[in-house]
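Student: One letter stands for each residue in the lines below.
2 protein chains.
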Amino acid sequence: MAYPWDTVAIIGVGAIGASIGLGLRQRQLARHVIGATRTSKSAKAAMEIGAVDEMVETMEKAAENAELVVVCTPVQSIAEHVQRCAAAASSEVVLTDGGSTKANLCQALEGLQHGTFVGSHPLAGTHETGPRAGDGDLFRGRTVIMTPVESTPGDTTNRVRGFWQSLEAEVELMTPEQHDQLLASSSHAPHLIASALAASTCEDALRLAASGWKDATRIAQGSVELWQQILRDNRANVLSSLNRFGELLHAMTEALEHDDPALLTQLLERGKQNRDAVGN
Amino acid sequence: MAYPWDTVAIIGVGAIGASIGLGLRQRQLARHVIGATRTSKSAKAAMEIGAVDEMVETMEKAAENAELVVVCTPVQSIAEHVQRCAAAASSEVVLTDGGSTKANLCQALEGLQHGTFVGSHPLAGTHETGPRAGDGDLFRGRTVIMTPVESTPGDTTNRVRGFWQSLEAEVELMTPEQHDQLLASSSHAPHLIASALAASTCEDALRLAASGWKDATRIAQGSVELWQQILRDNRANVLSSLNRFGELLHAMTEALEHDDPALLTQLLERGKQNRDAVGN
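Line by line, the protein sequences are chains E and Z.
If you read the first sequence in my numbering, its first letter stands for residue 1481, the second for the next number, and so on.
If you read the second sequence in my numbering, its first letter stands for residue 1481, the second for the next number, and so on.
Excised from the complex, chain E in its bound form (with noise of 0.2 Å):
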């Protein structure tokens, strides 16, 4: 049987790696998925739950005879472990991340010598952990946004495009400094916003929480050492939004100040307009 891979290697199986591993070998994409990870535990938890082939002691080893390497490890150690990879592995090697962020990091890595990079970042994250919540349908409908800089060879963009629709991922492809700036927005400031929310809420209040109180504070949940790394990585992108939204609700405060039901409501307004825009 033909492969449309020979080898992938996956680094860092947490709940995106897994997810990459478990809709490879479920749509039989690749003819070896081969892993690496920092801790045992969640490497026998990546066979167990089937996310790859083999689990191997170091991602040099994953990479060694890999066609790809995707790169899932937090944010702060991608650039590192690309050019780990990139060295160890052949020279015709392509690697990719599935990293939050993408400005530093594809400047990092714009004179990789060994092999070929383009940065991803598939918008579908849980704020679960772990390879056990990882989805071999993880990506289906999910948008993978792709960030190739003028160096990065057709070829290469072209490979890691097919890779991703090849798990149901409608790709989009944007410069490294427009995705951290739309991310910015969408995305990290509404982290920061959300875990705000839910540390400035009173004691007795939390026992009240209902529905509202739970989705408005959901992402709050995630990693604490992922998203700080994310945060400071797209500082200044970041600090704008933060600075945007604090316009926002500035003027939603003054008005809610001065008893103005009129200017109340249009702000409102046109929080319910964007987020109906947006959908369920």
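Treat the hints with caution; some may be incorrect.
Identical copies carry no separate label here, and so any pair may be met within one copy or between two of them.
In silico DMTMM-like pairs for lysine to aspartate or glutamate, Cα to Cα no more than 25 Å straight-line [claimed, not checked]:
hint, residue 1, residue 2
1, LYS1694, ASP1615
2, LYS1521, ASP1756
3, LYS1524, ASP1617
4, LYS1524, GLU1749
5, LYS1694, GLU1705
Please keep in mind that the hints were generated in silico from the structure rather than gathered at the bench.
Given the coordinates of chain E, work out where chain Z should sit on it, guided by the hints.
Tutor: Chain Z alone, transformed into the frame defined by chain E:
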């Protein structure tokens, strides 16, 4: 057959009123459920889904022979509607409501001439509106807060408590002031924050909004007309909750601005702890 209640009147057959009617009728808790509402369209829908036995033209007519009247109209109108219903009903009538704010309402109804009133707030909202969003099991396992005041007869409190319990809700008693303070923190301020977040998200980013953003802003889909009334009626408490939120957000923003990972981590942990404590 002996029913727990003879005639129950429901004033306003939106999602909450219709859910009460359905819950009563599905459990055969009332001999006759009679409704009144503003528009003939809602009246027709309430009949079609089986939320009531009968719809009548005016709330006075609905209240006339009722043993219990539940006013489920927008918060701004509840006091007036309770008074009108009380005046039209027998002097033994018990009245309650389903509104999201309690202090002003309970104060306005302190000197009710006719019948007895106790405030209720079922914490079982939905951002969907209208009778067709009704669900006879909406209150199952949910909390209903009741806010008796010094002048409320114990018998009135007991009967209304029994009413909510027969719809399978858990009843909790507190003062109207306590209610408004806690709900500002768990529900009203979060609504305004979610709306500001939705309103501040730039158009290009809306296109990329994934499940995190959707969750965080879901409540902003609620009726603007209803919510501006709630926010204004509970203005002082909402402003003080927003102030608390603003302090947390400011601290997080500063930690990000100064690139202080330890402080940022500590603050995000606080959000995660509160969110984890509430559960799914």
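Student: Each hint should be assessed against the structure and marked as holding or not.
Tutor: Each hint tested on the structure:
1. LYS1694 <-> ASP1615: both (23 Å within a copy, 20 Å between copies)
2. LYS1521 <-> ASP1756: between (42 Å within a copy, 23 Å between copies)
3. LYS1524 <-> ASP1617: This pair counts as within: shortest intra-copy Cα distance 21 Å, inter-copy 43 Å.
4. LYS1524 <-> GLU1749: neither (50 Å within a copy, 28 Å between copies)
5. LYS1694 <-> GLU1705: both (21 Å within a copy, 23 Å between copies)
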